[in-house]
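Novice: Go by the hints and put chain Y onto chain B.
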Amino acid sequence: MTAAAPAAKSNVNILGLTKADYKAAPSTLCAGCGHNSIADKVIDATFELGLKQHEVIKLSGIGCSSKSPAYFLGRSHGINTLHGRMPSVATGALMANHQLYGVGVSGDGDTGSIGFGQFKHMVRRNVRMVYIVENNGVYGLTKGQFSATADVGQELKHAGRNELPPLDLCLEAIIADCGFVARSFAGDPKHVTALIKAAFNFPGTAVLDIISPCVTFNDKDDSTKSYAWGKSHDERVNDFTFVMQQDEITVEYEEGETKAVELHDGSQIMLRKLDGKHDPTNRAAAITLLDEAREKQQFITGLIYLNPARASLATAANLIDSPLAWLPESRTRPSRESLDKIVASLK
Amino acid sequence: MALSEVAGSQQTERDPVVNNFSIMVATKNGSGSQTANTALLRALFKMGIPVTGKNLFPSNIQGLPTWYTIRLSADGFAARRPRSEIVIAMNPATAIEDYAGVEPGGAFLYADDIKMPMDRTDIAHYAIPAKAISIKHEKDPKLRGYVANMVYVGALAHLLGLQLEELESALMYHFKGKRKPVDLNMAVIRASAEHAAANYKKHDPFTVERMNKTDGMLMIDGNTAAALGAIYGGFTFCAWYPITPATSMPEALISFSPGLRTEADGKRTYAIVQAEDELAALGMVIGAGWAGARSVTSTSGPGISLMAEFAGYGYFAEIPAVIWDVQRMGPSTGLPTRVSQGDVLKTYFLGHGDSRHICLIPCDPYECFEFGWKSFDVAERFQTPVFVLSDLDIGMNQWMSKPFDYPDLPQDRGKVLGAEALDRLGGFARYKDVDGDGIPYRTLPGTPHPLAAYFTRGTGHTEKATLSERPADWTGNLDRIRAKFETARAELPQPIVSLADGAEVGLIAYGSAHPAIEEALSRLEQTGLKASYLRVRALPLAESIKDFVAAHKRVYVVEMNDDAQMLQLLRLHLSGVEGDKLRAANLCDGLPLTARWITETILSKEASQ
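As you go down the protein sequences, you meet chains B and Y in turn.
FYI, in our numbering the residues of the first sequence are 1 to 347.
FYI, in our numbering the residues of the second sequence are 348 to 956.
It is possible that some hints are incorrect.
So, partial list: chain Y residues that the calculated Cβ filter (under 10 angstroms) puts toward chain B [claimed, not checked]:
1. THR561
2. ILE578
3. VAL620
4. ALA627
5. PRO795
6. PRO797
7. PHE802
Computed footprint of chain B on chain Y, listed as stretches where at least three residues anywhere in the stretch have a Cβ under 8 angstroms from a Cβ of chain B [said to hold, decoys possible]:
8. 640-649
9. 780-794
By construction, these hints were calculated from the structure, which means they are not laboratory data.
Quick reminder that beta carbons are idealized off the backbone N, C-alpha and C, glycines included.
For reference, chain B alone in the conformation it holds in the complex (with noise of 0.2 angstroms):
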């Protein structure tokens, strides 16, 4: 379905680096967790971009999502903040280095709960990172409590049944004006591959909801975040194929069902439709789309929303080309003679 880059089908990238440069430390998560197999397609996804690993921060807030990123890229820095305020500590390091590549994790407490504000700010601001979240509708490191996009009639043991709707992240992520917006699922490692290589070139936040089941504490099959469910109720409303700026376009689509979106960078994504109506540059129908099979309590997936034209926050900001954080002195600091032009000014 996507067409990678052509060093990924060998075992080393245009780097000459091998999958396992990609790695990082093992993950202490319980096997099965949908969030391993979320952290080995980053892996694969920046393997195959060829991303210079120092190039790439990688964040996250607090819960079992929040540990991942641990478990990849360990050559990159990383930094594990506070619970729901990975967000603002995003904002703050990507316009401190406004060249460096972000990637964060986050999970559905994290992000739809304590740091719902912050998400839908960064979001609005447009921050240029590649935001996960790791979504099973359930808080896993405090051992089983609701999250804010459990399923109504929900069953846990301890918290009972859950009566309150669920947030729709991806919902949130465009009314936030977010312009990527993409769900999958974490038994879908190929689809959540390409997903996350067309993220990193995106020139903006890209919100990736993937529900990602929680083996211990919400794998019943009646949840809608359980494998069973995912892989049975998966309604793919697109494909897609992310083509970099230096690859020749190889796939063809037949006319009327392909449409190309350029990226500022002169890569593009070729989506292509699967339930023949769908646009993903439709705003309107992005939200049409999300709203009524939340009603249907149906699992879409796929590239819901994309729109590459709102300037990220470093570039309404007008940030020069150097990183903020490596300027010298001779260029952070004004004359001698300015001091004193602004000390005459006051007198």
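Specialist: Chain Y in isolation, oriented as in the chain B frame:
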């Protein structure tokens, strides 16, 4: 037209009081009196008379009472005075109270539509035809209220002998050379001064004369000075959330930075982000500091509370950040526009676990500028959040200041390893004490070296920044942070001490208490009480404070909070015997301290020794 002479006319002739009195203007918030008051302040300042301007304002946009006080002091004293000799009443709602508050022997100027009994015989009375003159000069009823303020300026100018040209220059400065508003305002001032000349008989002794005590001085508020300091310190990132009285600091950054920090291609060497709350503001600042930016935020008490979790995180993850706390009275909805030094203990210990933060404590706009740039050096050198404890009085009021000195030290970016150093060293351990000063080495994201990366956590970590829950790893880490803290103690701005020969009494104070202390020392000396003075400029407390306390029998700690917060910290710092010498002299009434209160408090405590 109301009478220009009422009850006060019986006053006898008195010697003139020149350049030594206070003027208080009582108006309504949002009535535009700020232009009138700052013009008056500037005119006096440019006449060479030492002045300070303090705004006592409500938490309100329009309508509630506000008072502006201008103190003239030929001796250069800058503290607030409890009462003013000249009171200008423009707000009927507070006129009775304002009238009662005039210092005996003073003068009361009032808008002539204020009707109330005025039976004091110890003060002079002057009615100001504010409405009549403003109607005549301003056709637009919406602007009349603003113009009415110039009527009291004209009346006061006549009474004080303040030359109108001085006011015109001040208005030219205020309106940045725009002739039209200057002419409009000057026409009102002239009309009012002419009315005063024709109708007032001067019954008060207050006059102004040119002198030369402000040569070379500038007039500025502390928040603007702090912002300029940050700019000359090479700040590269600021995130903030609006809160009185801290807002004008980032606003000054926003207004000064484009002119000073834009490169030839029109691009900026800094970023300023208005956050969604203070929590996010510090999150951004911590993120930027982690990535290597000189990163700053500005807030007040309630914002500090929201920042607590990030402050603790930054302390243990060892991330540089600068946080200005322009202190105000707590709690959140209490007295947000009144001053306090109430955040000392909270800020020092802010976080969870055992955190004690470096705090810098400026006493005036000059030090706001100095600490504005120095705070980045301290934060990057010690890799930790640094708090700068200013307050509303310093931050928002107009102070005379000696000119700011250009930073005399190059930027200290701290112990940062680049790719070459990593090649040479063959790697590094993020939290290892290599140099014996407790300060570890760090690398910045983006460093092109395979050994540069490390993983940052607030929780347990080894020297190599790997996750660890082993007790020995954590206690080792705490010991090193303690050592770093002790290194900082010796390197931070040291106290300023003035020893009085043979004095038994010492005063310890900090921040905006300084001008009132200086004046109180002079008053105490006149009563025969010689006292030494130590001004604390940083936390952790300097070792030399122990010597100061040891050299005196009784030491009064003067501060503006109810818990005697600095005194508590001093007790922790001193031995029991020395700590017993400390006496609290604290007041928490929302107003800047006065020399009178300090003098009386210390004299009465001394008398009961």
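Novice: What hints, given by number in increasing order, does this structure fail?
Specialist: none
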